[in-house]
Amino acid sequence: MITIRNRDERGAVNMGWLNSKHSFSFGHYYDPAHMGFRALRVINDDRVIPGAGFPTHGHADMEIVSYVLDGALEHKDTLGTSSVIRPGDVQRMSAGSGIRHSEYNASKKDPVHFLQIWILPNEEGMVPGYEQKAFEREEKQGRLRLVGSQDGRDGSVVIHQDVDLYATLLDEGDSVTHELRPGRHAWVQVARGQVRLNGEILKEGDGAAISKEDSLTLDGVVSAEVLLFDLA
Numbered sequence: 001m002i003t004i005r006n007r008d009e010r011g012a013v014n015m016g017w018l019n020s021k022h023s024f025s026f027g028h029y030y031d032p033a034h035m036g037f038r039a040l041r042v043i044n045d046d047r048v049i050p051g052a053g054f055p056t057h058g059h060a061d062m063e064i065v066s067y068v069l070d071g072a073l074e075h076k077d078t079l080g081t082s083s084v085i086r087p088g089d090v091q092r093m094s095a096g097s098g099i100r101h102s103e104y105n106a107s108k109k110d111p112v113h114f115l116q117i118w119i120l121p122n123e124e125g126m127v128p129g130y131e132q133k134a135f136e137r138e139e140k141q142g143r144l145r146l147v148g149s150q151d152g153r154d155g156s157v158v159i160h161q162d163v164d165l166y167a168t169l170l171d172e173g174d175s176v177t178h179e180l181r182p183g184r185h186a187w188v189q190v191a192r193g194q195v196r197l198n199g200e201i202l203k204e205g206d207g208a209a210i211s212k213e214d215s216l217t218l219d220g221v222v223s224a225e226v227l228l229f230d231l232a
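Just so we're aligned, residue 1 is where the sequence shown starts under the UniProt record's numbering, counting upward by one.
Keep in mind the hints are simulated off the structure, nothing from the lab.
From the three backbone atoms N, C-alpha and C, an ideal C-beta is built for every residue, glycine too.
Incorrect hints may appear among the rest.
[Claimed, not checked] Okay, the calculated beta carbon distance ranges per label pair:
id: 1; residue 1: Glu200; residue 2: Gly98; range: 33 to 43 Å
id: 2; residue 1: Val222; residue 2: Gly58; range: 15 to 25 Å
id: 3; residue 1: Arg153; residue 2: Arg86; range: 21 to 31 Å
id: 4; residue 1: Pro32; residue 2: Gly155; range: 23 to 33 Å
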């Protein structure tokens with residue numbers, strides 16, 4: 001069963017410096033029919049103007065993944081981390097027992113476009129942590145590259161939940177298939193471009209919840225970047 005979350009039905013906020021689309025309830029946007037999917041709680045499609053960003057604020061008991069599509073995102077936190085996240089990078093911050101951080105567009109002239117992803121952790125009160133890794137385009141081109149997992153296998157960042165996160169780049173004519181083990185679910189998020197998921201067209205910004213399917217096939221229609229979450 002595939003249930004499409006149409007991009008035009010997402011929550012939206014435009015604060016001038018921030019233009020954000022919410023796949024699930026977040027902040028002032030509340031929709032009881034879209035409170036997340038399995039352990040996946042938030043997917044925000046954020047665009048921040050040059051020089052602006054989120055001032056220091058706190059989180060607890062959440063795995064927060066940032067995936068930059070264009071531009072550069074500057075991150076600082078109370079662990080002493082200071083980094084810049086660029087396209088190809090995957091950042092995971094475990095809020096655990098409590099962490100404060102800020103995120104700003106690292107450029108004074110170019111916007112930054114990124115996906116902010118929250119995943120419920122498998123336990124509360126963990127020691128906060130941070131991890132960031134870079135994945136080359138060649139690793140994702142025409143194939144599913146594991147970029148996040150519970151055990152950190154294949155060089156992926158560690159996510160403290162039973163989830164495998166894959167990224168792929170698909171040109172027209174490219175195709176990838178992912179097998180779902182019995183009892184597993186999936187979420188597909190089209191970050192850009194257009195794909196066909198088991199015959200269903202998904203455009204940039206569309207998401208899809210998948211249950212009771214044995215396998216997923218993604219075919220490139222218009223040059224695309226896609227995230228696939230394999231979830232318990």
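Here is how each hint holds up against the structure:
Checked against the given bound of 33 to 43 Å, the beta carbons of Glu200 and Gly98, roughly 41 Å apart, stay inside it. For Val222 and Gly58, the hinted distance range of 15 to 25 Å is not satisfied, since their beta carbons lie about 40 Å from each other. For the hinted restraint 21 to 31 Å between Arg153 and Arg86, the CB-CB distance of approximately 24 Å keeps it satisfied. For Pro32 and Gly155, the Cβ-Cβ distance of about 38 Å falls outside the hinted range of 23 to 33 Å, so the restraint is violated.
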